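Engineer: What follows is each chain in one-letter form.
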Amino acid sequence: MCQECGCATGSGEVLVFDPASLVKMRAPAIKSIDVLHGILSENDRVAAGNRALLRSHGILTVNLMSSPGSGKTSLLEATIEALGQRHRIGVIEGDLETQNDAMRIRAKGVPAIQITTGQTCHLDARMIGDALPSLDLGAIDILFIENVGNLVCPAGFDLGQDHNVILLSVTEGDDKPAKYPVMFRAADLVLLSKADLLPVLDDFSPVKAEAGVRALANAAPVMTVSARRRDSLAPWFAWLEEKLAAQRASRAAAE
Amino acid sequence: MHELAICQSLLRDVERAAAAHDAVAVKKVVVAIGPLSGVEGPLLVRAFEIARLATIARHATLTVEAMPVTIRCPACGGESEVPPNALTCPRCGAWAVTLSTGNELLLKRIEIETGSDAAAA
Numbered sequence: 001m002c003q004e005c006g007c008a009t010g011s012g013e014v015l016v017f018d019p020a021s022l023v024k025m026r027a028p029a030i031k032s033i034d035v036l037h038g039i040l041s042e043n044d045r046v047a048a049g050n051r052a053l054l055r056s057h058g059i060l061t062v063n064l065m066s067s068p069g070s071g072k073t074s075l076l077e078a079t080i081e082a083l084g085q086r087h088r089i090g091v092i093e094g095d096l097e098t099q100n101d102a103m104r105i106r107a108k109g110v111p112a113i114q115i116t117t118g119q120t121c122h123l124d125a126r127m128i129g130d131a132l133p134s135l136d137l138g139a140i141d142i143l144f145i146e147n148v149g150n151l152v153c154p155a156g157f158d159l160g161q162d163h164n165v166i167l168l169s170v171t172e173g174d175d176k177p178a179k180y181p182v183m184f185r186a187a188d189l190v191l192l193s194k195a196d197l198l199p200v201l202d203d204f205s206p207v208k209a210e211a212g213v214r215a216l217a218n219a220a221p222v223m224t225v226s227a228r229r230r231d232s233l234a235p236w237f238a239w240l241e242e243k244l245a246a247q248r249a250s251r252a253a254a255e
Numbered sequence: 001m002h003e004l005a006i007c008q009s010l011l012r013d014v015e016r017a018a019a020a021h022d023a024v025a026v027k028k029v030v031v032a033i034g035p036l037s038g039v040e041g042p043l044l045v046r047a048f049e050i051a052r053l054a055t056i057a058r059h060a061t062l063t064v065e066a067m068p069v070t071i072r073c074p075a076c077g078g079e080s081e082v083p084p085n086a087l088t089c090p091r092c093g094a095w096a097v098t099l100s101t102g103n104e105l106l107l108k109r110i111e112i113e114t115g116s117d118a119a120a121a
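Protein chains in written order, with this note's numbering: chain G, 1 to 255; chain A, 1 to 121.
There's no promise every hint is true.
What the hints assert, rightly or not - No farther apart than 20 Å at their CA atoms in a straight line, the calculated lysine to aspartate or glutamate pairs in the EDC-like style are these: (1) A/K108 to G/E42; (2) G/K243 to G/D188; (3) A/K28 to G/D34; (4) A/K108 to G/D44; (5) G/K108 to G/E77; (6) A/K108 to G/D34; (7) G/K108 to G/D136; (8) G/K179 to A/E49; (9) G/K31 to A/E3; (10) G/K31 to A/E81; (11) A/K27 to A/E65; (12) A/K27 to A/D13; (13) A/K28 to A/E15; (14) G/K31 to A/E40; (15) G/K208 to G/D174; (16) G/K208 to G/D196; (17) A/K27 to G/D34; (18) G/K31 to A/E79; (19) A/K28 to A/E49; (20) G/K179 to A/E40; (21) A/K108 to A/E79; (22) A/K28 to A/E113; (23) G/K31 to A/E104; (24) G/K208 to G/E172; (25) A/K28 to A/E40.
Claimed, not checked - In silico contact screen, one side only, chain G against chain A (beta carbon under 10 Å); selected entries: (26) H37; (27) I39; (28) S41; (29) T117; (30) H122; (31) A139; (32) F157; (33) V207; (34) G212; (35) N218; (36) P221; (37) F237.
As the list claims (entries may be wrong) - One-sided and incomplete, this derived list gives chain A residues near chain G with beta-carbon spacing under 10 Å: (38) I6; (39) Q8; (40) R12.
It should be emphasised that the hints constitute simulated quantities derived from the structure, not laboratory data.
These figures come from a predicted structure and were not determined experimentally.
Glycine included, C-beta positions come from ideal geometry on N, C-alpha and C.
The whole structure should be built from the sequences, with the hints applied where relevant.
Structural biologist: Now the structure itself:
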């Protein structure tokens, strides 16, 4: 027995004496616990809630992503002009600063919510969830979310969308899919934008850009479009109509 | 990407798991990260040193198991390790492969200290 405190040190155990509590403790046991849980689950949880809400209203939700200046807003303006009579469109805009893009959309007669993120370089599910109450969801068929211009971060944040559409303008270089594999793997559709400039660019190959998408094992369609040429947008409009019809069909089947 | 925000999400999961097992401390956190997850392992380790401070994992180390990018090719049946931006099957050239590993962002396990065997004084 220990002369100092009376503990049974002669037993061969290692005892840790904690003077603060005067409780004799053995060296604590270490246990290994398997968790096997995806990280970022909080965002995923909120995104799932957004998705359920949007689908309950029969809304087709499209997340538009690209570098800054690839033509997302111009594409939306042209899409509203062409489809706005046939389908009720709503837009959520994401930018670090300014209301500029939402104002352009509203000038086309379509409701637009502007999220200004300050320094945050992507939209996340919570921001979308906070914005949805400001829209009359019962009066929207297609919701476009124009993400912050950024080819890196937005890819990692589920917002509750149905599809990701990524713009790659012909002035950006046809090797961007290889440089940004996470983003381009997330694409359900790739739009090579500003195609009206192709005649003056001798170093952008739509074929090579598409090959870059395939090299990411992504079967997403790759379309060459110009927001300034209505006829070039026909495949984009057809894709939207097809996705909207598919969503309505699956909703009807579920009822 | 946003390794500090990801650490905060990670630590919430760690705290939940620790609480479910009556942990008094977390000693080790093991995560698996693939190159196509968008998250950088070394940055996560650096962010973890700060993010852990006010949590039950304040003395924990973060171990990152770096996953390879491997694909399975339906055309030839082959499994191959490939670069993150060139997933085409190296055996037969088919591009329509499936990703077997490489986009993980997974909390695998934690090592905890359970409540001490306290003997009354």
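Engineer: Now tell me if each hint is right for this structure.
Structural biologist: Here's how the hints hold up against the structure:
no. : hint             : verdict
1   : A/K108 to G/E42  : 17 Å, holds
2   : G/K243 to G/D188 : 11 Å, holds
3   : A/K28 to G/D34   : 12 Å, holds
4   : A/K108 to G/D44  : 18 Å, holds
5   : G/K108 to G/E77  : 7 Å, holds
6   : A/K108 to G/D34  : 6 Å, holds
7   : G/K108 to G/D136 : 17 Å, holds
8   : G/K179 to A/E49  : 30 Å, violated
9   : G/K31 to A/E3    : 27 Å, violated
10  : G/K31 to A/E81   : 34 Å, violated
11  : A/K27 to A/E65   : 17 Å, holds
12  : A/K27 to A/D13   : 15 Å, holds
13  : A/K28 to A/E15   : 12 Å, holds
14  : G/K31 to A/E40   : 28 Å, violated
15  : G/K208 to G/D174 : 6 Å, holds
16  : G/K208 to G/D196 : 18 Å, holds
17  : A/K27 to G/D34   : 14 Å, holds
18  : G/K31 to A/E79   : 35 Å, violated
19  : A/K28 to A/E49   : 12 Å, holds
20  : G/K179 to A/E40  : 16 Å, holds
21  : A/K108 to A/E79  : 24 Å, violated
22  : A/K28 to A/E113  : 10 Å, holds
23  : G/K31 to A/E104  : 24 Å, violated
24  : G/K208 to G/E172 : 13 Å, holds
25  : A/K28 to A/E40   : 19 Å, holds
26  : H37              : 5 Å, holds
27  : I39              : 5 Å, holds
28  : S41              : 7 Å, holds
29  : T117             : 12 Å, violated
30  : H122             : 8 Å, holds
31  : A139             : 34 Å, violated
32  : F157             : 9 Å, holds
33  : V207             : 14 Å, violated
34  : G212             : 8 Å, holds
35  : N218             : 9 Å, holds
36  : P221             : 14 Å, violated
37  : F237             : 27 Å, violated
38  : I6               : 6 Å, holds
39  : Q8               : 9 Å, holds
40  : R12              : 7 Å, holds
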